[in-house]
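Trainee: Model the full assembly from the supplied sequences, consistent with the hints where possible.
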Amino acid sequence: MIFKVFGKKELPRLFDVIAVNRVVGPVQKGTDKNGSPLHTFGEVRDFAELSLDYKTTILSAKRFVLPFHETLCTFRVTENGWEKDVDFNVRGPTVFFGLHACDINAFNRLDKVLMESVYPTPYYASKRKNMFIIGTNCEPQPYCFCRSMGTDTALHGFDLFLTDIGDRYFAEVQSATAYNFLLQIKTADPKEKDHQRYMDVVAEKNKKFTAHVDNTDLTKILDMEFQSQAWKEWGDKCLSCGTCANVCPTCYCYGVEETVDMNATGARKIKSLHSCNLIDFAEVAGGHNFRPERHSRLKYRYYHKHRGFVEAFEESLCVGCGRCGEACLADITVPEVIASVRGEGH
Amino acid sequence: MTQERTYLGVPLHKPKVAFFELSSCEGCQLQIVNNEATLLDFLSLVEIVNFREAMTERSNDYEIAFVEGSVTRADEITRLTEIRRNAAVLVALGSCACFGGVNQLKNRFHDIAWVKKEVYGKHPVETEAEAKPLEAFVRVDLKIFGCPIKKEEVEKIVTNVALGRPVQHPKFPVCMECKANENICLFDLGEPCLGPVTRAGCDSWCPNSRMGCWGCRGPADDANVEQLRNIAKKHGISAEAMLDRLECFGGFASHVDEIRGKAKAKKTASAAKGGVNPPSSPLGKGRRR
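Chains as they are written, first to last, in our numbering: chain B, 1 to 346; chain X, 1001 to 1289.
It is worth saying that the hints were derived from the structure and are not from the lab.
Keep in mind that a hint or two might mislead.
[To be verified] Capping the alpha-carbon separation at 16 Å, the derived lysine to aspartate or glutamate pairs in EDC-like fashion look like this:
no., chain 1, residue 1, chain 2, residue 2
1, B, K193, B, D167
2, X, K1156, B, E257
3, X, K1151, B, D261
Mentor: Put into structure tokens, the structure is as follows:
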């Protein structure tokens, strides 16, 4: 790994060098009723629009690779039959400026299913392969449990990772592209004291985590506690609104709908993200619903994230960003649900 | 416009459709003619033979009848029965036709004479004690929800009907669409919202403009109304404010009856224990429940 340091005034210059491309980063969306800022990821044209000190975003960066609605293909009826037009909906490279480690890890986990499995998804891969990621360090929030999920640092999946070490940034360089961009601003090789300050910042961050999930033997415990009363209790609270899946950086389940244009000369196939908590998620042809009850749908959300995915890929699909618990009106949070299923508290 | 449509080489049957209104603002029908950009395509799919808002010609020879409005007068029952007799397919268009809509708010009041005087003053009109949805009198084949209806959704439904494809409403609540539209949750803004329990399909029309949902499309499948009321309470939103919303369009009538029933039972119990009665209703005289 190549490390560099550069002064804070160099960051806007780096932005300008990179901003010939489409840039996506944290921007303020508005404020809540208490006046606290709410952030989201949006397209940025000026460095000043970026809110790099954001805590977390209300929605993840997922929509840039897995849009909520995506037209997979269109059909045109012609005189002699019909034609199909497939478009992966990539309009050029995208730079992500300021992703936290959890969101970088979320992309890495999505890769395992959508790019590295038996059936890669070209709609995902084409966008994923066309991005440049600049990570930034973060401040643990009360709802963050990434440290429990091993996602508080990103080991790969970025081009450049910046850690604020006071008067300068400590930069991890992981791609030739990133190295070449850095050649266009003023950087220096880190000295011993920079290494020390980097380690101090990381140690300081580690002390600030308050939410934890005990993952010990969790896949087995989930099997043992399949009939636990805890599921029923959480299920009674659940609104089945799908918000947890929509804000989640790794939920990728979807449905496909075919619609005919009103002029009857064209049709389209549209993919829309769905959620396992929605009433019709496990409804099949003929109308049978395998999960008509809220608690069984909620339970399977946890089984997918914390059991099925772990057995298939050796790690959880949950990256501990805490967005689902923050967004859930019913206050259903991952640390509390897992603790209750493990028989702790609740 | 008059050119025959085909789909995959097969000529499309162009159904004769008619639009009617009972007690309503005719706003849903206005939605149909509103979208000029797609109006010609719409007209190429169906042959409109009756549409008071858009044409002078009248005919009783139609296959699909779109009926807007609720039933509030005796003569409307006769009209509706006749429409049902003429039409192969009867579509309830909008919240009034589906649930009674805003009109059914009057069902809350005991004293219909007082309601008439309050609303119409010296010019009382003939009106029944309750506003009811079409379903209370005739069989309804298809419902199109919303106050007003969403034109894009109607276009999709009509296209499917014309092509003989199944028509399906989303079973999930508005939250799904609201999140996809990247809105800030109304509860984070301190506003009440029925989005978590209301059937989607409107593309979160109101929350997109930072207005909390009033439930005009009625409950989603498996709507957890009880839990939403608990949540609202936690957010400092009064039970009455939530009930106002749940009652507004009539889609949640069975939920409201249950809640009002419970509230009544509780009140009787607390009165028996010498409890204090809640402050008088802001709706004043004539309140039914």
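Trainee: Give a verdict on every hint.
Mentor: Tested hints:
1. B:K193 with B:D167: It holds: about 13 Å lies between the C-alpha atoms, which stays within 16 Å.
2. X:K1156 with B:E257: Distance of about 12 Å is within 16 Å: holds.
3. X:K1151 with B:D261: 14 Å, holds
This entry satisfies every hint, going by the numbered hints stated previously.
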